[in-house]
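A.B. asks: Single-letter residue listing:
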Amino acid sequence: MISIENATKRYGETIVVNGVSLTLPAGGITTIIGPNGAGKSTLLSLISRLLPLDSGMIAIDGLDIVSAPSDALARRLSILRQDNTMTARLTVRDLVEFGRYPHSKGRLTAADGRKIEEALAYLDLQTLADRFLDELSGGQRQRAFVAMVLCQDTDYVLFDEPLNNLDMKHAVTMMKLLQKAATELGKTIVIVLHDINFASCYSDHIVAMSNGTVAFQGTPDDIVRPDVLQAVYDTTFDVHELHGNRIVTYFV
Amino acid sequence: MPPSLSRNRASIRFLVITATLCVAVCIFFMTIGVKGNWSFILPFRGAKLLAMLLVAYSIAVSTVLFQTVSNNRILSPSIMGFDALYALIQTCLVFTLGAQAVTAIDPRLMFAVECAIMIFFSCLLYRWLFSGAVRSLHTLILVGLIFGILFRSFSGFLQRVIDPNDFIVLQDRLFASFNSVDPNLLGISLLMVGGASFFAWRISPSLDVMSLGRETAINLGVDHRRVTTMILVVIAILVSVSTALVGPVTFFGLLVASLAYQLIANAKHRFVLPAAVLFAMISLVGGQMILERLFAFDTALGIVIEFVGGLFFIVLLIRKGAR
Ligand SMILES: Nc1ncnc2c1ncn2[C@@H]1O[C@H](COP(=O)(O)OP(=O)(O)OP(=O)(O)O)[C@@H](O)[C@H]1O
Ligand SMILES: [Mg+2]
Numbered sequence: 000m001i002s003i004e005n006a007t008k009r010y011g012e013t014i015v016v017n018g019v020s021l022t023l024p025a026g027g028i029t030t031i032i033g034p035n036g037a038g039k040s041t042l043l044s045l046i047s048r049l050l051p052l053d054s055g056m057i058a059i060d061g062l063d064i065v066s067a068p069s070d071a072l073a074r075r076l077s078i079l080r081q082d083n084t085m086t087a088r089l090t091v092r093d094l095v096e097f098g099r100y101p102h103s104k105g106r107l108t109a110a111d112g113r114k115i116e117e118a119l120a121y122l123d124l125q126t127l128a129d130r131f132l133d134e135l136s137g138g139q140r141q142r143a144f145v146a147m148v149l150c151q152d153t154d155y156v157l158f159d160e161p162l163n164n165l166d167m168k169h170a171v172t173m174m175k176l177l178q179k180a181a182t183e184l185g186k187t188i189v190i191v192l193h194d195i196n197f198a199s200c201y202s203d204h205i206v207a208m209s210n211g212t213v214a215f216q217g218t219p220d221d222i223v224r225p226d227v228l229q230a231v232y233d234t235t236f237d238v239h240e241l242h243g244n245r246i247v248t249y250f251v
Numbered sequence: 000m001p002p003s004l005s006r007n008r009a010s011i012r013f014l015v016i017t018a019t020l021c022v023a024v025c026i027f028f029m030t031i032g033v034k035g036n037w038s039f040i041l042p043f044r045g046a047k048l049l050a051m052l053l054v055a056y057s058i059a060v061s062t063v064l065f066q067t068v069s070n071n072r073i074l075s076p077s078i079m080g081f082d083a084l085y086a087l088i089q090t091c092l093v094f095t096l097g098a099q100a101v102t103a104i105d106p107r108l109m110f111a112v113e114c115a116i117m118i119f120f121s122c123l124l125y126r127w128l129f130s131g132a133v134r135s136l137h138t139l140i141l142v143g144l145i146f147g148i149l150f151r152s153f154s155g156f157l158q159r160v161i162d163p164n165d166f167i168v169l170q171d172r173l174f175a176s177f178n179s180v181d182p183n184l185l186g187i188s189l190l191m192v193g194g195a196s197f198f199a200w201r202i203s204p205s206l207d208v209m210s211l212g213r214e215t216a217i218n219l220g221v222d223h224r225r226v227t228t229m230i231l232v233v234i235a236i237l238v239s240v241s242t243a244l245v246g247p248v249t250f251f252g253l254l255v256a257s258l259a260y261q262l263i264a265n266a267k268h269r270f271v272l273p274a275a276v277l278f279a280m281i282s283l284v285g286g287q288m289i290l291e292r293l294f295a296f297d298t299a300l301g302i303v304i305e306f307v308g309g310l311f312f313i314v315l316l317i318r319k320g321a322r
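The listed protein sequences derive, respectively, from chains R and E. Residue 179 in numbering that gives the first Met the number 0 sits at position 180 of the first sequence, with consecutive numbering throughout. Residue 178 in numbering that gives the first Met the number 0 sits at position 179 of the second sequence, with consecutive numbering throughout.
So here's chain R without its partners, still in its complex pose (with noise of 0.2 Å):
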């Protein structure tokens, strides 16, 4: 369980997280949704240490992100951030190499080996395993990233927009993983997603953010409503009822 006590985070004199209080049950999918700029990535980046807190309280499993010691949280934590930009050059298979980090301090062992090598194929790299990421399109890059943070294995694991620049068959492919994760692995799994399409089909709850709080949360059926959303986006949406989930429409 993630635990958010009153947490807020301020850029001078600009409140981008203010005062949000929230629990992540352990197990299943939660995705974050919300407009540019409402505070999305700022929280993920407060829950997994990255942003010192101004004020509040964040615990993973009760332990509290301030003064547990990191590579505790990092057996226990995850992210994918938004933008990954390296100025070292490394090949795919280097990259995912270093989520075993926590887990071997450097010191592969054959085990290790074995998790590279099933994070490699679950993300259908094993090809480009040895592609310097700069020889990449940006969904392949997009995927090593997916696969580094999948081979850390941790059992919370937090994605800041995982489908950015992923076709429509490797983002089906990517949710679908991430509910495998879920289901089978026992994850709990947050993603900040911008399609509310994958966000009512895969998730068992969803918190939508704006101007740094949480505006609403709920289960799908909660949140993916004309009246909810566009109090949150503020544009009209349509939503229909198709093959028993509810898919929205926004385009004209």
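Hints were generated in silico from the structure; no laboratory data involved. From the three backbone atoms N, C-alpha and C, an ideal C-beta is built for every residue, glycine too. Accuracy of the hints is not assured; some may be wrong.
What the hints assert, rightly or not - Not the full set, but computed from the structure, chain R residues with beta-carbon under 7 Å of chain E:
1. Ile78
2. Arg88
3. Lys104
4. Gly105
Claimed, not checked - Covered by chain E, per the in silico footprint, the following chain R stretches (three or more residues, Cβ under 8 Å):
5. 35–49
6. 93–103
What the hints assert, rightly or not - Each pair of labels, with its calculated beta carbon distance range:
7. E:Ala23 with R:Gly185: 57 to 65 Å
8. R:Phe131 with E:Thr138: 26 to 34 Å
9. E:Ile16 with R:Arg106: 49 to 57 Å
10. R:Leu107 with E:Leu20: 51 to 59 Å
11. R:Phe131 with E:Ser179: 43 to 51 Å
12. R:Ala109 with E:Arg292: 48 to 56 Å
13. E:His137 with R:Gly26: 44 to 52 Å
14. R:Ala109 with E:Ala23: 34 to 42 Å
15. R:Gly138 with E:Ala23: 43 to 51 Å
16. E:Leu316 with R:Gly243: 55 to 63 Å
17. E:Leu14 with R:Met0: 46 to 54 Å
18. E:Gln99 with R:Met56: 53 to 61 Å
Assemble the complex: chain R is given as a structure, and chain E with the ligands must be docked to it using the hints.
C.D. replies: Below, chain E with the ligands alone, put in the same frame as chain R:
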């Protein structure tokens, strides 16, 4: 064999060849053109060789480590004003204590004191730069330039108001070059470089992770603040050693570090660091030998290195800007 393994093998083979070349250059340097009295020439050249090797090592390692904490491939400690800071510390000490007191103190003790002050101030001044607060490379370069100019102007000011006798002592220490190495400092330099290397070796597993950037390093459980501080301490010691021995050398580190990344094609520190050190040793010792023996120039090495390195820095900046 998996390609990553064969890549490591290739890197190791490359390092072995470079190391052999380095040893050969050192042997040439010691023996070429020796006429007559070996027992006089060998210790003389040996001290000079040792100084050059220490300087090469210090500059190469400090630059690679600096690029790792600052997460870019364009900056080096000297571009960020580290050696100007060291020169300022030396100037301040002579200014406050007076030349007489400074010359009376054992140079080794003096060096250790300067080094301690250097560690303190470099952590104080530079750590915040890499704590995630400053993201843009341009800001970093600007801060480095401002620090460098500030330190140099302040040293310059003190040198103007200082007692002329004190200034002569100071000048001796500030304008060291490859040809006027203080042999008294070799022992303690060796000791400090050894200590710093041991320290760096202790944190070496986290170095590769640090080069992925602050956020990724934290995500992988590295205590970024602590490791950054430790790397800055190592850099401060190494810069003190090289600056005390031969004075400021601005672009050399950048040159050898970039060569190492280019030629070794393997981002792991256990390959990049030795490669950079070996390139630095070969170019310093080889360069000095060629200039001394072939052209009979005695003082030009520093100038040649700065010229080539400076050109290279401009090329890097332009290439980075074009991207
Ligand atoms: N380093 C920073 N300095 C100042 N303001 C910042 C900084 N980082 C983010 N912000 C501001 O904080 C707010 C929240 O940003 P955040 O990245 O969390 O938004 P987001 O919900 O992830 O948006 P998006 O959907 O566009 O990714 C934005 O208004 C942004 O301008
Ligand atoms: Mg975002």
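A.B. asks: Do the Cβ positions of E:Ile16 and R:Arg106 conform to the proposed distance bound of 49 to 57 Å?
C.D. replies: Taking Cβ atoms as reference, E:Ile16 and R:Arg106 lie about 27 Å apart, which means the hint is violated.
A.B. asks: Evaluate the given range 55 to 63 Å for the C-beta pair formed by E:Leu316 and R:Gly243.
C.D. replies: Roughly 58 Å apart at Cβ, these two residues keep to the hinted range, so it holds.
A.B. asks: Are there at least three residues in the segment 93–103 of chain R whose beta carbon sits under 8 Å from a beta carbon of chain E?
C.D. replies: holds (count 5)
A.B. asks: Holds or violated: is there a CB of chain E closer than 7 Å to the CB of R:Lys104?
C.D. replies: Cβ of R:Lys104 sits 5 Å from chain E, so the hint holds.
A.B. asks: Could you see if the CB distance from R:Phe131 to E:Ser179 stays within 43 to 51 Å?
C.D. replies: The hinted range 43 to 51 Å holds for R:Phe131 and E:Ser179, with Cβ atoms some 45 Å apart.
A.B. asks: Against the range 34 to 42 Å, how does the distance between the Cβ atoms of R:Ala109 and E:Ala23 compare: consistent or not?
C.D. replies: Between R:Ala109 and E:Ala23, where Cβ atoms are some 40 Å apart, the hint holds.
A.B. asks: A closest beta-carbon separation below 7 Å is what the hint needs, so does R:Arg88 meet it against chain E?
C.D. replies: holds, 6 Å
A.B. asks: Given the range 51 to 59 Å, decide if the beta-carbon distance of R:Leu107 to E:Leu20 lies inside it.
C.D. replies: Cβ of R:Leu107 to Cβ of E:Leu20: about 31 Å, so the range 51 to 59 Å is violated.
A.B. asks: Interface hint check: R:Gly105, Cβ to nearest Cβ on chain E, cutoff 7 Å. Holds or violated?
C.D. replies: Holds - the Cβ of R:Gly105 comes within 7 Å of chain E, reaching about 4 Å at its closest.
A.B. asks: Could you tell me whether the CB distance from E:His137 to R:Gly26 stays inside 44 to 52 Å?
C.D. replies: holds, 45 Å
A.B. asks: Within 57 to 65 Å or not, the Cβ separation of E:Ala23 and R:Gly185?
C.D. replies: This hint holds: roughly 60 Å between Cβ atoms.
A.B. asks: Quick check: do three or more residues in the segment 35–49 of chain R have a beta carbon closer than 8 Å to a beta carbon of chain E?
C.D. replies: Since three or more residues must qualify, the claim that chain E covers the segment 35–49 of chain R holds, with 4 doing so at under 8 Å.
In this structure, the hints that do not hold are numbers 9, 10, in rising order.
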